[in-house]
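Protein sequences appear in the order of chains A and B. Using my numbering, the first residue of the first sequence is number 2, and each one after it goes up by one. Using my numbering, the first residue of the second sequence is number 358, and each one after it goes up by one.
Any given hint might turn out to be false.
Said to hold, decoys possible - Below 30 angstroms or equal to it, Euclidean Cα-Cα: the simulated DSSO-like pairs (lysine-lysine) are:
#, chain 1, residue 1, chain 2, residue 2
1, A, K40, A, K79
2, B, K459, B, K382
3, A, K55, B, K382
4, A, K79, B, K475
5, B, K435, A, K55
6, A, K30, A, K40
7, B, K435, A, K79
Stated by the list, open to error - If you anchor each label on the Cβ, the simulated ranges turn out as follows:
#, chain 1, residue 1, chain 2, residue 2, range
8, A, N28, B, V639, 55 to 65 angstroms
9, A, K79, B, R413, 23 to 33 angstroms
10, B, E565, A, K30, 53 to 63 angstroms
11, A, K79, B, N386, 53 to 63 angstroms
12, B, M389, A, V31, 26 to 36 angstroms
13, B, M389, A, R26, 55 to 65 angstroms
14, A, N28, B, R413, 39 to 49 angstroms
Calculated directly from the structure, the hints in this document are not laboratory data. Where is the CB? At the ideal position from N, CA and C, for every residue including glycine.
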Amino acid sequence: MRWCEMEINYNLLPLAEVLELVAARLNNKVGEMFHACAKGISDEHLSAQASWQKALEAYLTVSPIGRENGLLLLRFGKSLGSSDLSQQNNNIHFACANLDQALKKAVQEKESRAKIYRYLGIFAGLAVVLILY
Amino acid sequence: MAKINILNSQSLKPLMPIKECPAKKVIDNLFMPERAKQMTEIFAEELEHLEEIRVRRGQVILGRCRLKELKVPQIVLKEEMEYILQRLNQSSLYAWEEEYRKGYLTLAGGHRVGLTGKTMLQRGEIRALKDINSLNIRLARNVYGAADKIMPYIANKNTVRNTLLLGPPASGKTTVLREIIRTLSDEKGYQISVVDERSELAGMYEGESNLNLGSRVDILDGCPKAAGMNMLIRSMAPEILATDELGNKEDIQALEEALAAGVRVITTVHGQSLEDLRNRPVLASLLEKHLFETIIILSKSQGAGSIEAVYQWQNDGYERVRANEIPRRGTDSWSVGSRRLDLC
Chain A
2 MRWCEMEINY NLLPLAEVLE LVAARLNNKV GEMFHACAKG ISDEHLSAQA SWQKALEAYL
62 TVSPIGRENG LLLLRFGKSL GSSDLSQQNN NIHFACANLD QALKKAVQEK ESRAKIYRYL
122 GIFAGLAVVL ILY
Chain B
358 MAKINILNSQ SLKPLMPIKE CPAKKVIDNL FMPERAKQMT EIFAEELEHL EEIRVRRGQV
418 ILGRCRLKEL KVPQIVLKEE MEYILQRLNQ SSLYAWEEEY RKGYLTLAGG HRVGLTGKTM
478 LQRGEIRALK DINSLNIRLA RNVYGAADKI MPYIANKNTV RNTLLLGPPA SGKTTVLREI
538 IRTLSDEKGY QISVVDERSE LAGMYEGESN LNLGSRVDIL DGCPKAAGMN MLIRSMAPEI
598 LATDELGNKE DIQALEEALA AGVRVITTVH GQSLEDLRNR PVLASLLEKH LFETIIILSK
658 SQGAGSIEAV YQWQNDGYER VRANEIPRRG TDSWSVGSRR LDLC
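Take the sequences, apply the hints, and build the full model.
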């Protein structure tokens, strides 16, 4: 997202080019999604929104990001390419803030689950010791 | 007065295969596939001569060429207009904000698309253009030979006259100017610098010119005319400077500086007569200071590129050229049938 923002603001590159550049840097499943979206715009003459939705739906079938984050990205795509520079920036910032939030939440969840599993492990160990003696 | 339509001449170049036709490329690129097919069928053999395509929401599409208007049935609905706009701005509105604000954008190939819609104002100035409802796609192309008949008024053996092409919108000024530049460059061997503010003359795209201006031409693309003219005089040492559509005080100042530096200038201005120039405060000085030695008035009365009159500065005044003073050429490749250029 931040790379997108940079290319859009400093180079005013067309969206398909921006997505291709970011895809080349990522070189993973997210990169493939960006590449598919760029192709949809340039080769299939789809609107940015339609192309983003198509690429995102394909990505969600292989990604573990969950429905909530999927909806977040889908909403981000609705404004893609059809708004002026300041609005486009606002949308990117909004999406980034939401994704940061989602990431923090995921990290917190991971930490709390890790604690639970750690306690469970300790209690299970204690239970085994008590049973044996 | 018989007039010659130099852009509609028979002769200019063999018909190009339809798939290479610039108009076909634009249609295929901008319109939905079914619409593009329909337009190609309706425009048919006129496709190569197409001058403009007008697209208005809620109306049929109109094509114009050689004084003919061709209608493409079925009105343009909101969805179709949105599709065309997305194709125009490459789904990247943010990248074209400035062009939207000015009301036009230039496509690869030098084709200019004019836009109208709802203007958003800020302190009395146009900040943005939204809800686009009308497009005028003006197709740029080389019309080889389009300047043949007027070249004797512009260049002779040893010199080039400072020349102004005057005409209303869509009268062929840019096409004729493009051909003058190409002729002076390729056939007369002059070093020419071009300020192509709107990328219409050379159709520059990613550093390459899509329209032929000749082999001795340096192009400053997308640069405001006044700044560009000053820059080119210093950097490229041109013998001739060419630019399209002079309009404001800064342009005229830069023009005067170029002339003072000994550079010959060929340019265009919107207007229909010398009277029009006299009545415009900024442009009146062009006549008062007789900055141009030749003024050629173009119109679209018989199709784009019709010559209305040629004036030359002599005996302390602009004199209209008489028909019998027109130099004859060995081959008259541009002439239409038996009509002759009758300027008086």
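Status of the hints after comparison with the structure:
1. Simply put, A:K40 and A:K79 have alpha-carbon atoms about 17 angstroms apart, close enough for the 30 angstroms limit, and the pair holds.
2. Between the alpha carbons of B:K459 and B:K382 the distance comes to roughly 25 angstroms, so the proposed pair stays at or under 30 angstroms and holds.
3. Restraint check for A:K55 and B:K382: the C-alpha separation of about 27 angstroms stays at or below 30 angstroms, so the hint holds.
4. The straight-line distance between the Cα atoms of A:K79 and B:K475 is roughly 22 angstroms, inside the 30 angstroms bound, and the hint therefore holds.
5. Between B:K435 and A:K55, the direct Cα distance comes to roughly 23 angstroms. Compliance with the 30 angstroms bound is thereby established for this hinted pair.
6. For the suggested pair A:K30 and A:K40, the alpha carbons sit about 15 angstroms apart, so the restraint of at most 30 angstroms is met.
7. Among the hinted pairs, B:K435 with A:K79 is consistent with the structure: their alpha-carbon atoms are about 18 angstroms apart, no more than 30 angstroms.
8. Between A:N28 and B:V639 the beta carbon distance is about 56 angstroms. The supplied range of 55 to 65 angstroms therefore holds.
9. Look at A:K79 against B:R413: about 28 angstroms separates their beta carbons, and that is inside 23 to 33 angstroms.
10. For B:E565 paired with A:K30, a C-beta distance near 36 angstroms fails the hint of 53 to 63 angstroms.
11. Against the hinted window of 53 to 63 angstroms, the Cβ-Cβ separation of A:K79 and B:N386 comes to about 25 angstroms, which falls outside the hint.
12. Taking the beta carbon of each, B:M389 and A:V31 are about 31 angstroms apart, inside 26 to 36 angstroms as hinted.
13. Remark: the range hint 55 to 65 angstroms for B:M389 to A:R26 is contradicted by a beta-carbon distance near 34 angstroms.
14. Checked against the given bound of 39 to 49 angstroms, the beta carbons of A:N28 and B:R413, roughly 46 angstroms apart, stay inside it.
Violated hints, listed in ascending order, are 10, 11 and 13; each of the other numbered hints is respected by the structure.
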